[in-house]
Structures are given as structure tokens and as C-alpha cells.
Amino acid sequence: MKNIIGILITLLSLALIAVILLRIWNIDIVSFDNMLRSSATLILLGLAILILSIVYSTFLRNNKQAYNQKTGNKAHPKL
Numbered sequence: 001m002k003n004i005i006g007i008l009i010t011l012l013s014l015a016l017i018a019v020i021l022l023r024i025w026n027i028d029i030v031s032f033d034n035m036l037r038s039s040a041t042l043i044l045l046g047l048a049i050l051i052l053s054i055v056y057s058t059f060l061r062n063n064k065q066a067y068n069q070k071t072g073n074k075a076h077p078k079l
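Residue numbering for the sequence shown follows full-length UniProt numbering, starting at 1 and increasing by one per position.
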């Protein structure tokens, strides 16, 4: 999951740098208003995903199901 998020952030950063470089050369592919709206949309989507993941991890996840306390030594590495 960390790799996917890192790749997405890298791709978005490269796209933003490319748009800034085009703006330096006075080439308008995307207007500034559209960039503001799309960045606000992306920020709101990121916040929604963050809130949903927090709600899922605190209220909907059953932690007792994944770990059986009756079987010992599960956390110890094999030698």
C-alpha cells in the first residue's frame, strides 16, 4: 500500500512540475482555475479516504479474530 501511495504521489508531483514548466513557457494546457478546483477535489478525496480508514480501523475491525491467544509463541521468530 505504501508503494502505491508513493507512486501516485510521485506521478502527481511530476504532472504538477510539467504543468509549471509549461506555464513558464506561456503554454496553457490547463488554466489556473481548473488546477485550483482539481487540487481542492483531490484534497477532499484524500481527507475522505483518511476519515473512512480511521472509522474502519476503530469501529469495524475485529482485532480478536486475527490473533488466537490460546496458541502460544505466535509472535516469536522461528530459529
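Check each hint, because a few of them may be wrong.
Unchecked claim - Label pairs and their computed distance ranges (CB to CB):
| no. | residue 1 | residue 2 | range |
| --- | --- | --- | --- |
| 1 | Ile24 | Leu52 | 34 to 40 Å |
| 2 | Leu52 | Ile27 | 15 to 21 Å |
| 3 | Ser57 | Asn3 | 18 to 24 Å |
| 4 | Phe32 | Gly6 | 24 to 30 Å |
| 5 | Ile9 | Leu52 | 15 to 21 Å |
| 6 | Leu52 | Asn26 | 28 to 34 Å |
No lab work stands behind these hints: they were computed from the structure. Please read all numbers here as calculations on a predicted model, not as lab measurements. We put the CB at the ideal spot given by N, CA and C, even for glycine.
Tell me the numbers of any earlier hints that the structure contravenes, in ascending order.
Hints 2, 6 contradicted; others consistent.
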